[in-house]
Amino acid sequence: MVRLGRADLPRQSSAKHAKLRAAPDDIDDPFEIPPVRKAATELLEPPREAMALEGSPLRVTVMAEPAGREEPPEPWRKLTGVMVVVGGALTAAGLIIALIFEDGSSLPEAYDATLTSLHESMAAIGILRAYSPPAAPPAAPPALPPPSPPSHPPPCPPPSPPSPPPPRAPPKVPASPSRPPAPPPPPCPHPPPLPPPPAPSPSPPPAQPPNYVAPPGFMDHEQCSALFADRGSRFHQLWAQEGWRVLNPGMTPCWGENGWQFFDDAWWGRRCKRNWFSGNQGNLGTHGPTDSRSTPHFTDRAPALLGFDTSIDELCHGDEGSQHGAACVQQNYNILSLYGTEVPYNLCRNLEWQVCAAKGELHGQRSKTIIFSFAPKKLRVDGGRYPLGSCNSYAPLGCESGYASGDIFYLEVCIYSRICGNRNSLWYLNAGEPWQCELKYFGGFKNLYENLLDQRWPDKRDEP
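Per the UniProt record's numbering: the sequence shown = residues 1 to 464.
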């Protein structure tokens, strides 16, 4: 844009100005050419705020003359008028040449060239500042994407159970370059803690087999109870203080005068840590089956083993002689094998050993496992290989005043059937199957005491 002050424009006298406006056709000078007259008329027009040449990017702005400015000298005004006339003539010449020759340039281009030449001439004498082509308009900024709709915070997810993982966070959307990034959505309020899951219902106890009913002539729990209830049965003749001797009337039983104390000690296992192989040959009889000095000694868990002597020897690969105990230790079986006078054998020691075996507190046992080398359900009272009361097994005192080892196995099975709460499963066992006794005090061990001693349990504080 070329800006002109009012003082920079040539001033004409009022008469000349009026003559130009009233009768332009009578002037005998270059102004009579219509293009020149038009250009001069426009330049001599009274000052306006802004004037522009049609069809040209050149805008001439007439600046209001500040108050109090001195008038330029008269020669300067004349020179200005001459330059205006010259410029108008050049402008007309350029237009005429463009119209005549038509060399491919358009009329606006020729007009622009003429104006450029005029302004360069005026700038050379200091009337106008040098003309510079208008600068190219600045490049329009890249169109911004339409503003994204206001984002709303995602709804809070419903409370979820604690086991699944939390949901993934939504992907972040890049913010528009023209506006600041949207603030993060407010955090969702924490849902109230879920109540703890209900405790799992206790698993039902394993189903018990139906009450065992033995075939005719075979032993079961009812047969054992009948033998305990009969004071004249073989079961009541095996408790003499001297082992292997039949208890006759007037003799002192093995529990002595205070039967309640013996049964109480037996129940609590107060004698479980004695050497139940006492009297055997070598270090086994002296140090027991768990001492490394003993030959043999246990090398693994040693469950309790009961049965007839012959069936025990078959399982332990031994014989009924002096190597009976050592053979079972070699096979990691705990048996009751007492010889000699250090711990003399009788049925009271037998009962203590059975309770210790049920508690899993025998030397080297390390479990409550009990194994029968002969299935209890195959015992027969009046028949079979070893009927009750017969004298066809080990009997160190003979058969007239003593009893044989076969009778002891009948009593051992019936003792477990009396003092174990899971007695019914005992009668379903096969030979060699592991089994554990669930000791029962009331209705079990207490009843055994009352059956054998034929008296009430004296400690009433233990009643349920």
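Bear in mind the hints are in silico, worked out from the structure with no lab data behind them.
Every value quoted in this text rests on a predicted model; they were computed, and no experiment measured them.
C-beta atoms are modelled at their ideal positions from N, C-alpha and C, and glycine is treated no differently.
Each hint should be verified, as a subset may be incorrect.
Claimed, not checked - Across the chosen pairs, the derived CB separations fall in these ranges:
1. Q455 / N422: 38 to 46 Å
2. S233 / Q331: 32 to 40 Å
3. G432 / P344: 26 to 34 Å
Do the hints match the structure? See the list:
1. Q455 / N422: 38 to 46 Å: With Cβ atoms ~27 Å apart, the hint is violated.
2. S233 / Q331: 32 to 40 Å: Holds: the Cβ-Cβ distance is about 34 Å, inside 32 to 40 Å.
3. G432 / P344: 26 to 34 Å: About 31 Å separates the Cβ atoms of G432 and P344, which means 26 to 34 Å holds.
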